[in-house]
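2 protein chains.
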Amino acid sequence: MRNYLFETWRNVARRCGYVEYETPILEDTGLYLKKSGGELSSQLFRFEDQGGRDVTLRPEVTASLARIVATEQRKYPKPLKWFEIGQCFRYEKPQKGRGREFHQFNVDILGEAGPGADAELIALAIETMLSFGFVEGDFVVRVSDRNAWVKFAAARGVNEEAMPDFLNLVDKLEREKPEVLAQKLAAFGTTLDEVKGFVANPQDAEGTFNEILADLKSRGFGGFAELDLSIVRGLAYYTGVVFEVFDSSKSMRAVAGGGRYDTLVKTISDGAVDMPATGFAMGDYVIRNLIEETAHAAMQMEVWLQRNSAGCEAYMVIPDDAMRGEALKLVSELRRAGIAVDLPLSNTKVAKQFQAAEKCGARFAVIIGEEFPQVKIKILASRQEEECDASVLVDRMLQSLTEPDGPLLA
Amino acid sequence: MRNYLFETWRNVARRCGYVEYETPILEDTGLYLKKSGGELSSQLFRFEDQGGRDVTLRPEVTASLARIVATEQRKYPKPLKWFEIGQCFRYEKPQKGRGREFHQFNVDILGEAGPGADAELIALAIETMLSFGFVEGDFVVRVSDRNAWVKFAAARGVNEEAMPDFLNLVDKLEREKPEVLAQKLAAFGTTLDEVKGFVANPQDAEGTFNEILADLKSRGFGGFAELDLSIVRGLAYYTGVVFEVFDSSKSMRAVAGGGRYDTLVKTISDGAVDMPATGFAMGDYVIRNLIEETAHAAMQMEVWLQRNSAGCEAYMVIPDDAMRGEALKLVSELRRAGIAVDLPLSNTKVAKQFQAAEKCGARFAVIIGEEFPQVKIKILASRQEEECDASVLVDRMLQSLTEPDGPLLA
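Listed in order, the protein sequences are those of chains W and R.
Under my numbering, the residue at position 31 of the first sequence is numbered 31, and the numbers go up by one with no gaps.
Under my numbering, the residue at position 307 of the second sequence is numbered 307, and the numbers go up by one with no gaps.
FYI, nobody ran anything at the bench for these hints, they're computed from the structure.
The model shown is predicted, which means the values in this text are computed figures rather than measured ones.
Heads up, a few of these hints could be off.
In this list, chains with the same sequence are indistinguishable; a pair is considered to hold if it fits within one copy or across any two.
[Said to hold, decoys possible] List time: in silico DSBU-like cross-link candidates among lysine-lysine, alpha-carbon distance up to 30 Å:
1) Lys-217 x Lys-359
2) Lys-266 x Lys-352
3) Lys-217 x Lys-376
4) Lys-359 x Lys-184
5) Lys-177 x Lys-93
6) Lys-352 x Lys-177
7) Lys-75 x Lys-184
8) Lys-329 x Lys-217
9) Lys-172 x Lys-151
10) Lys-329 x Lys-250
11) Lys-75 x Lys-352
12) Lys-78 x Lys-352
13) Lys-329 x Lys-172
14) Lys-329 x Lys-78
15) Lys-217 x Lys-352
16) Lys-329 x Lys-359
17) Lys-250 x Lys-196
18) Lys-376 x Lys-266
19) Lys-349 x Lys-78
20) Lys-217 x Lys-349
21) Lys-352 x Lys-93
Model the full structure from these sequences, guided by the hints.
This is the structure we're talking about:
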């Protein structure tokens, strides 16, 4: 299951020209305090190590990425298109769509400030969903731009320091009581109606999302994205275009989310490196739920799991343990040829050996009996049998396994 | 690099009939204190979480495995053949062959007490080394049996409580000063000469390793294993056959090691489940060093890395940005077909676009110019060019990439 997610993520990233990198799981706590604060800092798995250092199990990867990019970026041509699949930790109540340990697919483009990079990233998010077997109507990418809200608020006299509080209020638009919102918005010189009107007509707002939508339409992805100014994202470091992927019924948490963080590399490097960036992350919890609850995506995964199950292709049956030496030699040869083979590890009754063969999912039993070097190959499903010389067993098995209609199954 | 190790490990485990499992990185500290003690407990990344629980970043996987097996074993037919590839943590000085964060390949057989299971496991260790391209003469598996020492010591009056101290002394045979050893051994009613004599003639010792060696010989692996009673392994929980894999010059730490731990499941389950077990682990540090320092193994890895590099197969060149929409459509189509494609994310000079194409390792540049829907495919290495209609671009590219002597390269 986990391997299905990882392989799909890795394949999509490769097709779209991203390079894999790796960052440590354990980081200096300062890295997270410096950067984000807010909700995240109360959810840190934070502790003092034996050397007295204040360390944290990473709650996310972007801070580590920014740190590495700040020190290593000279070595690589721009833009950087990087991805990592890694484990993250958050101290919170385990619940549907959330666990304390989870894996994240992180994808980032650094060194490119234009909307082309945002669109390329959102296209990757869509491509990922399509690769899991989702189709139009199953999910939607809600695209927004914090700058549209910054301009909206600035026109009403909100200054830079108050901006995070204002954005925070917009973030709560769908969850907070209207009367509370109305009261709080008044302090920013606006009304709930005005804010809702802005959300209702995003195409009139100034923002780069119109360019992004045009780009996505060219790619044939117009049907997957919609402008939605109610999206602003929780973390403080976002600076421009932000987006979230949702199941169409919006019955779950966001499947993935991301956006621009043009000032983070500068903050982390204490001003040494200034590099625009945009990135997104998809965790393994929500996507897993969504796949399981969407019939066609679930079926695709089922097929993959069956094909990639660790079950054996063949099981060696050794009726007389005196033949174990000969059987071991053949096991070794078959495995070297890439065939998955299991065998009884001690003297066992023949009936039990056949049971074990069925339980491990083997298609064939290879019986090493007293007729050796003649050995018997038995198809477990049909009980058909065939004999061959031990010296040609590997070839015979390879043929039978690679051609579904090979001699044994004819 | 990491992916090369993981893929090789996973393939070998699959061929040999093991099933992949997953355990958490963060465990209750009691799990480790209960089990091993000694050296390991001073190296724990141990801390109190926000809920006041004493937790530890796992230093190894076997304790978690034993815990899970104790609760879940009824669901599976025996023997269990399980493997996990996972991250582990030890608080110690980073040095050659050791890091604070590392990955481990863990393989275990549970529910089978006989030497056939030990041999099956050691065969997997050998198979793993062969799959990395090592050959006879590059490495050796030193096989031993703690029970041979237990019998040796019991015959000299050493009681059960003193046994761990005696085994600890044997473990230091190659590192401790002879005069110190001689003095300490006297307390156990033996001499350094007697102990060395026992090590020098392992075939005379009682132990199951002779059966194991015979098994390995049947598999064609006789040349990779040797009896070596000086191996006893550091951890307290080992109970019988133990082994370590070394580079032939023994210039490095052990590449892998393992052995029987027949009482661990019982200890962890407080007596509820009694199950014999044998397992081994290979970390990513030493094997990485050994591959890099062994020419033929290093070359095999190089070839894999080149084949699996995240580099692009094609790069879209867009001389006039007005054609970006058409280019994006083709990018989308090519990626859907599984071809790795990159493109300039903003309006860029043509010369820079060709530079980017070469830097990302692309074989082909696809030029979307004013002749559209005619597009140009250029082989970057030979500068050969060919034109085709945009509607057949995907087919043309697939053909060129899958057949090395396809039309474009003829």
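Hint by hint, here is what the structure shows:
no. : hint              : verdict
1   : Lys-217 x Lys-359 : between (50 Å within a copy, 29 Å between copies)
2   : Lys-266 x Lys-352 : between (66 Å within a copy, 26 Å between copies)
3   : Lys-217 x Lys-376 : between (60 Å within a copy, 24 Å between copies)
4   : Lys-359 x Lys-184 : neither (64 Å within a copy, 52 Å between copies)
5   : Lys-177 x Lys-93  : within (24 Å within a copy, 54 Å between copies)
6   : Lys-352 x Lys-177 : neither (66 Å within a copy, 53 Å between copies)
7   : Lys-75 x Lys-184  : neither (48 Å within a copy, 56 Å between copies)
8   : Lys-329 x Lys-217 : between (60 Å within a copy, 9 Å between copies)
9   : Lys-172 x Lys-151 : within (19 Å within a copy, 72 Å between copies)
10  : Lys-329 x Lys-250 : between (57 Å within a copy, 29 Å between copies)
11  : Lys-75 x Lys-352  : between (60 Å within a copy, 17 Å between copies)
12  : Lys-78 x Lys-352  : between (61 Å within a copy, 11 Å between copies)
13  : Lys-329 x Lys-172 : neither (67 Å within a copy, 37 Å between copies)
14  : Lys-329 x Lys-78  : between (54 Å within a copy, 23 Å between copies)
15  : Lys-217 x Lys-352 : between (60 Å within a copy, 26 Å between copies)
16  : Lys-329 x Lys-359 : within (23 Å within a copy, 48 Å between copies)
17  : Lys-250 x Lys-196 : within (19 Å within a copy, 72 Å between copies)
18  : Lys-376 x Lys-266 : neither (69 Å within a copy, 41 Å between copies)
19  : Lys-349 x Lys-78  : between (65 Å within a copy, 14 Å between copies)
20  : Lys-217 x Lys-349 : between (65 Å within a copy, 24 Å between copies)
21  : Lys-352 x Lys-93  : neither (46 Å within a copy, 50 Å between copies)
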